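Chains as they are written, first to last, in my numbering: chain V, 1 to 311; chain S, 1001 to 1231.
No wet-lab data here; the hints were simulated from the structure. Please note: incorrect hints may appear among the correct ones.
[Claimed, not checked] With a straight-line cut-off of 30 Å between C-alpha atoms, the simulated DSBU-like cross-links for lysine-lysine are:
no., chain 1, residue 1, chain 2, residue 2
1, V, K251, V, K139
2, S, K1205, S, K1220
3, V, K211, S, K1064
4, S, K1205, S, K1218
5, S, K1230, S, K1218
6, V, K211, S, K1091
7, V, K139, V, K67
8, V, K211, S, K1230
9, S, K1220, S, K1230
10, S, K1203, V, K211
11, V, K139, S, K1205
12, S, K1104, S, K1222
13, S, K1023, S, K1104
14, S, K1023, S, K1091
15, V, K67, S, K1104
16, V, K245, V, K211
17, S, K1222, S, K1205
18, S, K1214, S, K1230
19, V, K67, S, K1023
20, S, K1214, S, K1203
21, S, K1214, V, K211
22, V, K67, S, K1091
23, S, K1205, S, K1064
24, S, K1230, V, K139
[Claimed, not checked] Estimated spans, in silico, between C-beta atoms of each pair:
no., chain 1, residue 1, chain 2, residue 2, range
25, V, W70, S, D1137, 38 to 46 Å
26, S, Y1037, V, W70, 56 to 64 Å
27, V, F246, S, K1205, 50 to 58 Å
28, V, P3, S, E1125, 19 to 27 Å
29, V, T78, S, T1209, 40 to 48 Å
30, V, F246, S, D1010, 42 to 50 Å
31, S, K1203, V, G205, 44 to 52 Å
32, V, P3, S, N1193, 30 to 38 Å
Given the structure is predicted, the values throughout are model-derived calculations rather than measurements. By construction, the Cβ of each residue, glycine as well, lies at the ideal position given by its N, Cα and C atoms.
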Amino acid sequence: MHPAFSVIFFTVSSGAGFGLFALLYLMDLFGLDGGLPIEQKLVAGILALVLVAAGLTSSMFHLANPKNAWRAFSRFRTSWLSREGVFAMAFYPFAIIYLGLTWLVLPELEVLRLAAGAVAALLAWITIFSTGMIYGCLKTIRQWNSPLVPANYLALGHFTGALLLLAVASNSEVVLTSYVTLVLALLVVAAALKAIYYFWIASPGTGSTIKTATGFTRGTVRLLDTGHTHGTFLTQEFGFQGARKFSLILKVCVFIAGFAIPALILTLGGSVAIAIYAAVLTAFLGMVAERWLFFAEARHVINLYHGAQHC
Amino acid sequence: MRLGLVIDLDVCVGCHACAIACKEWNASGTTAPLTDYQPYGAEPSGVWFNRIRSYEVGEYPNNKTINFPMSCMHCEDADCVTVCPTGASYKRAEDGIVLVDQNKCMGCNYCSWACPYGARELDRESGTMKKCTLCVDRIYDLQIPIEERQPACVLTCPAHARMFGDLDDPGSAVSSVVRERGGYQLMPELGYNPTNHYLPVRKAKPIPTENLGKPGFKDKIKGIANRIVKR
């Protein structure tokens, strides 16, 4: 698949935003280490809303005819893309009520504040799952059609969200030990799920081949002619194939920049703000590499008709 | 009703006439135009509803070239329709034709990701997804003679490799030819249940080339003539 930057930015940014919001709410509800000061809660909450908004705006750049984008909310009964949009929009009013009441500090409305936050957190989780299912539901792409895909999206969104929450918390007088522990726990889960995913997609399995695609199942099948002279929409959109060696190098980068360096910084560097910012930066670089690979390694079955023996 | 095409791989000669006729008709049809990019330039490309590929099946000397035209299969379980977030993609209840409402499409490409057969192509000019309409603006046209109420590709095929009809009706010509010739669907394992069927290549008796026995009188004359006439 052609790795479009708008979609890479969209999934990384909105995933981190939703993860950050859900964790902020949980930290607030259970009062981790006495809870964050109001100022930090607001900063984290607004950062989450901005990341989600930036992601959704970026996804608009992927559209060839954006004037009809408003129609994308209409088919939520069958389309995960539509559901993603609907849940993301439903998230905003509840998140704003929660943050507004956090700002105003009204003890008589505390129940409403926590209830709105709970609904927003639930919608955040459902939205990340929907983002994963946009890809996970496609039977045409073996590397995506797996429950590991939404699981990865949830894990990575929470890991990056937890890092951002830690970065915000580091600006206050709060003891950071439990926030660091949270990041490290989510880091281990996310890295393990990603490793399982890469292991899983490495073998072709029992999917479609050029033989089932053409129906000539008894002999060898070889492409003689694609029937077009200089590429088509199909080759531009689905023909992308990165070099195997480059993919391998990038995978190592995902684990080093995305997981190993942040883990080292947080365990050795302690709670110095600048060290935490450095961890955030390398983790996000790792996430962009991870998302680029997610698209670059996906092989659509149309490639079978263009000569691939399997996908 | 389940309208679709049956393509006979035994007789398709790979002339691309179906693709040309398709382009000609649909360039002024309901989803017109089918934009071309650099048609006379160094890198010609554009929107087509029908593409023909050629494959070699088997190993020499038991190999064969097979030309393989592909357009929208008008699937019974069309994921391109269910994944569409805007409702632009739809499948007609009355005849099963899958269409894209050009006024609703936002050009997100998602339906083309869901289609295993490469039937959908984005028109960069209009920003909308375009695909085979099964010449819906032709097959119901009461102004043209009844024998011409068929998709342009079917009408033009010089080898009669393409047939159009109702695959729901067991008595239709397309249904019986699928039954008799063992017509099959592409990538059935994905579960899209495509309407279009492909007729496999007929089994031909191999022409012997060795141990032909003693030549007869006719073959001797032929041999002499071959020696005299220089080609």
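Hint by hint, here is what the structure shows:
1. V:K251 with V:K139: With a Cα-Cα distance of about 24 Å, the restraint between K251 (chain V) and K139 (chain V) holds, given a limit of 30 Å.
2. S:K1205 with S:K1220: This hinted pair holds, its Cα atoms lying about 25 Å apart.
3. V:K211 with S:K1064: 15 Å, holds
4. S:K1205 with S:K1218: Measuring from Cα to Cα gives roughly 23 Å; hence the hint holds.
5. S:K1230 with S:K1218: Given pair K1230 (chain S), K1218 (chain S) holds - Cα atoms ~19 Å apart, limit 30 Å.
6. V:K211 with S:K1091: Holds - the C-alpha atoms of K1091 (chain S) and K211 (chain V) are around 28 Å apart, at most 30 Å.
7. V:K139 with V:K67: 29 Å, holds
8. V:K211 with S:K1230: 45 Å, violated
9. S:K1220 with S:K1230: With a Cα-Cα distance of about 17 Å, the restraint between K1220 (chain S) and K1230 (chain S) holds, given a limit of 30 Å.
10. S:K1203 with V:K211: Between K1203 (chain S) and K211 (chain V) the Cα gap is close to 18 Å, so the pair holds against 30 Å.
11. V:K139 with S:K1205: 40 Å, violated
12. S:K1104 with S:K1222: Between K1104 (chain S) and K1222 (chain S) the Cα gap is close to 69 Å, so the pair fails against 30 Å, i.e. violated.
13. S:K1023 with S:K1104: 23 Å, holds
14. S:K1023 with S:K1091: 22 Å, holds
15. V:K67 with S:K1104: Distance of about 9 Å is within 30 Å: holds.
16. V:K245 with V:K211: 28 Å, holds
17. S:K1222 with S:K1205: 24 Å, holds
18. S:K1214 with S:K1230: It holds: about 25 Å lies between the C-alpha atoms, which stays within 30 Å.
19. V:K67 with S:K1023: Between K67 (chain V) and K1023 (chain S) the Cα gap is close to 27 Å, so the pair holds against 30 Å.
20. S:K1214 with S:K1203: 28 Å, holds
21. S:K1214 with V:K211: Measuring from Cα to Cα gives roughly 42 Å; hence the hint is violated.
22. V:K67 with S:K1091: 23 Å, holds
23. S:K1205 with S:K1064: 13 Å, holds
24. S:K1230 with V:K139: 60 Å, violated
25. V:W70 with S:D1137: 38 to 46 Å: 28 Å, violated
26. S:Y1037 with V:W70: 56 to 64 Å: 29 Å, violated
27. V:F246 with S:K1205: 50 to 58 Å: 51 Å, holds
28. V:P3 with S:E1125: 19 to 27 Å: 24 Å, holds
29. V:T78 with S:T1209: 40 to 48 Å: Given about 58 Å between the Cβ atoms, the range is violated.
30. V:F246 with S:D1010: 42 to 50 Å: 44 Å, holds
31. S:K1203 with V:G205: 44 to 52 Å: The hint (44 to 52 Å, Cβ to Cβ) is violated, given that K1203 (chain S) and G205 (chain V) are roughly 32 Å apart.
32. V:P3 with S:N1193: 30 to 38 Å: About 32 Å separates the Cβ atoms of P3 (chain V) and N1193 (chain S), which means 30 to 38 Å holds.
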